[in-house]
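Visitor: Whenever a hint applies, use it, and build me the whole structure from the sequences.
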Amino acid sequence: MAGPAADADGKRFDPPLPGQSALYLYRTSVLGSEAVFSLADNQQPIGSLANRTWLRADVMPGRHVITCSVPSYAPLTQTPAEAATIDLAPGEIRFLEVDVWPGLPLNPRCVASEVSADKGRAAVTDGNRAIAAN
Numbered sequence: 045m046a047g048p049a050a051d052a053d054g055k056r057f058d059p060p061l062p063g064q065s066a067l068y069l070y071r072t073s074v075l076g077s078e079a080v081f082s083l084a085d086n087q088q089p090i091g092s093l094a095n096r097t098w099l100r101a102d103v104m105p106g107r108h109v110i111t112c113s114v115p116s117y118a119p120l121t122q123t124p125a126e127a128a129t130i131d132l133a134p135g136e137i138r139f140l141e142v143d144v145w146p147g148l149p150l151n152p153r154c155v156a157s158e159v160s161a162d163k164g165r166a167a168v169t170d171g172n173r174a175i176a177a178n
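Take the numbering used here: the last position of the sequence shown gets the number 178, and nothing is skipped along the way.
Errors might be hidden in some of the hints.
Each computed SDA-like pair below joins lysine to any residue, with the alpha-carbon atoms no more than 20 Å apart [as the list claims (entries may be wrong)]: (1) 55 <-> 136; (2) 163 <-> 88; (3) 55 <-> 161; (4) 55 <-> 166; (5) 55 <-> 165; (6) 55 <-> 128; (7) 163 <-> 95; (8) 55 <-> 103; (9) 163 <-> 125; (10) 55 <-> 176; (11) 163 <-> 128; (12) 163 <-> 96; (13) 55 <-> 175; (14) 163 <-> 52; (15) 163 <-> 73; (16) 163 <-> 53; (17) 55 <-> 158; (18) 163 <-> 72; (19) 55 <-> 95; (20) 55 <-> 169; (21) 55 <-> 45; (22) 55 <-> 167; (23) 55 <-> 170; (24) 55 <-> 160; (25) 163 <-> 138; (26) 55 <-> 137; (27) 55 <-> 72; (28) 55 <-> 129; (29) 55 <-> 66; (30) 163 <-> 132; (31) 163 <-> 59; (32) 163 <-> 57; (33) 163 <-> 63; (34) 163 <-> 130; (35) 55 <-> 135; (36) 163 <-> 177; (37) 55 <-> 79; (38) 163 <-> 141; (39) 163 <-> 51; (40) 55 <-> 163.
Hints listed in this document are in silico derivations from the structure and should not be mistaken for laboratory results.
Guide: Here is the structure:
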């Protein structure tokens, strides 16, 4: 988890730096709460989310393919799944809710859905900041 200062900074929802966009990803689901999702943006790791956590990724505008992977306890090999595709404009702040999608027994998958700014801000405010990948 990120420290209290980083958590508070992210909850101010400051605009991104000029020429960039901000993407908040968060989890609030009870289903699959024991699973930690590893997230990537255009194949670059951006962090991991446990239940009731969030992270902010400041990124370049354009198309972003968000993928996630979840540890699998089934004998099948799980490759990262595309959770969402989002097009970001300069200066934009958008929110994605990451959730578990039950797969084969013991083989959960994750999906992400864009939510309104109000819903996203409320979920982030209620959660704890995860440490983003560098």
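Visitor: State the violated hints by number, sorted upward, taking the hints as numbered earlier in the document.
Guide: 2, 6, 9, 28, 33, 36, 37
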